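S.K.: The lines below spell out each chain.
2 protein chains.
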Amino acid sequence: MQFLIRFFGSGKNEAQLTLIRFIISRFGYRPKKISYFEQAITHKSNANSKYIDSNERLEFLGDAIIDAVVAEFLFARFPNEDEGYLTKIKSKLVSRKTLSEIAEEMEIRQVLRYHKGRSININTLEGNAFEAIIGAIYLDGGFEQVRQTLEQHVYRKYVNINKVLEEEIDFKSKLFIWSQRNKLSIDFEIISEVNKGSSWEYKVIVLINEQKYGLGTGSSKKAAEQVAAKETLELIGVI
Amino acid sequence: MQFLIRFFGSGKNEAQLTLIRFIISRFGYRPKKISYFEQAITHKSNANSKYIDSNERLEFLGDAIIDAVVAEFLFARFPNEDEGYLTKIKSKLVSRKTLSEIAEEMEIRQVLRYHKGRSININTLEGNAFEAIIGAIYLDGGFEQVRQTLEQHVYRKYVNINKVLEEEIDFKSKLFIWSQRNKLSIDFEIISEVNKGSSWEYKVIVLINEQKYGLGTGSSKKAAEQVAAKETLELIGVI
Chain A
1 MQFLIRFFGS GKNEAQLTLI RFIISRFGYR PKKISYFEQA ITHKSNANSK
51 YIDSNERLEF LGDAIIDAVV AEFLFARFPN EDEGYLTKIK SKLVSRKTLS
101 EIAEEMEIRQ VLRYHKGRSI NINTLEGNAF EAIIGAIYLD GGFEQVRQTL
151 EQHVYRKYVN INKVLEEEID FKSKLFIWSQ RNKLSIDFEI ISEVNKGSSW
201 EYKVIVLINE QKYGLGTGSS KKAAEQVAAK ETLELIGVI
Chain B
1001 MQFLIRFFGS GKNEAQLTLI RFIISRFGYR PKKISYFEQA ITHKSNANSK
1051 YIDSNERLEF LGDAIIDAVV AEFLFARFPN EDEGYLTKIK SKLVSRKTLS
1101 EIAEEMEIRQ VLRYHKGRSI NINTLEGNAF EAIIGAIYLD GGFEQVRQTL
1151 EQHVYRKYVN INKVLEEEID FKSKLFIWSQ RNKLSIDFEI ISEVNKGSSW
1201 EYKVIVLINE QKYGLGTGSS KKAAEQVAAK ETLELIGVI
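Residue numbers (our numbering), protein chains in the order written: chain A, 1 to 239; chain B, 1001 to 1239.
These are computed hints drawn from the structure, not numbers from a lab.
Careful, some of the hints might be misleading.
[As the list claims (entries may be wrong)] The calculated label-pair distances, taken between Cβ atoms and stated as ranges, are:
(1) A/Lys-97 x B/Val-1164: 30 to 40 Å
(2) B/Leu-1017 x A/Arg-21: 47 to 57 Å
(3) B/Gly-1011 x A/Lys-97: 41 to 51 Å
[To be verified] Here are the computed lysine-lysine pairs in the DSSO-like style, where the Cα-Cα straight-line distance is at most 30 Å:
(4) B/Lys-1222 x A/Lys-33
(5) A/Lys-203 x B/Lys-1222
(6) B/Lys-1092 x A/Lys-88
(7) B/Lys-1088 x A/Lys-97
[Stated by the list, open to error] Sample of chain B residues at the chain A side, in silico, Cβ under 8 Å:
(8) Ser-1045
(9) Asp-1067
(10) Asp-1082
(11) Leu-1112
(12) His-1115
(13) Ile-1120
(14) Asp-1140
(15) Phe-1143
(16) Asn-1162
(17) Trp-1178
(18) Asn-1182
(19) Gly-1197
(20) Ser-1198
Note that this is a predicted model, so its numbers are computed, not measured.
By construction, the Cβ of each residue, glycine as well, lies at the ideal position given by its N, Cα and C atoms.
Extracted from the complex, chain A is given alone in its bound form:
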């Protein structure tokens, strides 16, 4: 009876209800138009593919939306990093590898609709379906909703952003960590900045307890500091 009420009351079948529960629990979002989400979990190998569209178009959309949300997230989180750093971290966070790991962790396979052929790599399918579900949330709830879903749910529960960042730790940070451990003061001093027409050239030196160590040159202060930090780490035998 319970079943009948739900079935007829909501106009949704059991598979749809399962899908709705899944999206709520994993993405913190209650689907309005369920057909978007049914499409998002339908791989083209699915036997129904002649009647239900596959998730490939939604994957195309979701991919671009994820990119934009991650770009903004990193832009806000790292106000002092240059675009080279932001680009590097973004490419890690939106990589096929990272997305597939998220999708696996979420167990998207529980709701995935696909034809179980021999050559199917289920984890790739999950990663694609993850992007497609984000595309569906965008169509169903808008950009702000995707932002909220990714920041409040996905990246909080399924991605260790700090781990990704740690892998990217730079020479300057390494040097600061070393100096704190050894209770030494570190300073980066700009020796010169020269206008080279379309660009600048910066020369930076590292001072440890006011003693000169590594020297670095670069087209930005940050780049020069990295080179100087690296040379210093080499000079003191840390790397």
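Using the hints, position chain B against chain A.
M.R.: Using the frame of chain A, we list chain B on its own:
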């Protein structure tokens, strides 16, 4: 007096007022926080780069936001095209070449702040500043505002999307155009569709006035149709 009232009344200097007018006229958007836009037009070669941040971070952000807006625009505009087609058109619309052309057409150089060195390619700088201005509009007005700006202003006034699409015209469209000119009927008939485990194989034949012409095979109906249309165009001597 007029000048003094505007100067002191708004708390903005003449350069800022010029910039605001420029953004309104080209992007249909009235800046709220002018500093975003000042940063967006500041190339790193600018003499003030030590004090005002360059536009590189905003360019990083704008790039991703443009990508998302264009993806959604194409997703909605081409409901029957597959993600391969959408990806191809998107990559054209967001290419460095297209963005630089838009920026040149907008005459962003009028407001660009950069150091006039010998090796500067002004058009590249304009393209980057265009992306950065979109990043600024996003921070200042949100995603929906960017969408509106791009769709209602930029793509209407500065990009001939139809021209981009025409360059991408496909064999099927070519065949339809030919058949209309020659007052012949064209049909695409599916001969077979076979489930190959993780994918499908479609065979399609072209009928001109119910006579069989080119044959095509592909993993989607659309792909098979393209092959069949191409073969037909070859058979009838059009290509």
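S.K.: All the hints need checking, so say for each whether the structure fits it.
M.R.: Going down the list of hints, with the structure as the test:
1. A/Lys-97 x B/Val-1164: 30 to 40 Å: 33 Å, holds
2. B/Leu-1017 x A/Arg-21: 47 to 57 Å: Between B/Leu-1017 and A/Arg-21, where Cβ atoms are some 55 Å apart, the hint holds.
3. B/Gly-1011 x A/Lys-97: 41 to 51 Å: 50 Å, holds
4. B/Lys-1222 x A/Lys-33: Satisfied, since the Cα-Cα distance of roughly 27 Å is no more than 30 Å.
5. A/Lys-203 x B/Lys-1222: 58 Å, violated
6. B/Lys-1092 x A/Lys-88: Holds. B/Lys-1092 to A/Lys-88 sits at ~23 Å (cutoff 30 Å).
7. B/Lys-1088 x A/Lys-97: 23 Å, holds
8. Ser-1045: 5 Å, holds
9. Asp-1067: Since the shortest Cβ distance to chain A is 5 Å, the answer is holds.
10. Asp-1082: Holds. Min distance 6 Å.
11. Leu-1112: 13 Å, violated
12. His-1115: Hint holds; B/His-1115 Cβ to chain A Cβ min 7 Å, cut 8 Å.
13. Ile-1120: 5 Å, holds
14. Asp-1140: 13 Å, violated
15. Phe-1143: 4 Å, holds
16. Asn-1162: 21 Å, violated
17. Trp-1178: 29 Å, violated
18. Asn-1182: Where the cut-off is 8 Å and the nearest Cβ of chain A is about 32 Å from B/Asn-1182, the hint is violated.
19. Gly-1197: Where the cut-off is 8 Å and the nearest Cβ of chain A is about 3 Å from B/Gly-1197, the hint holds.
20. Ser-1198: 4 Å, holds
Hints 5, 11, 14, 16, 17, 18, counting from the list given before, are not met by this structure.
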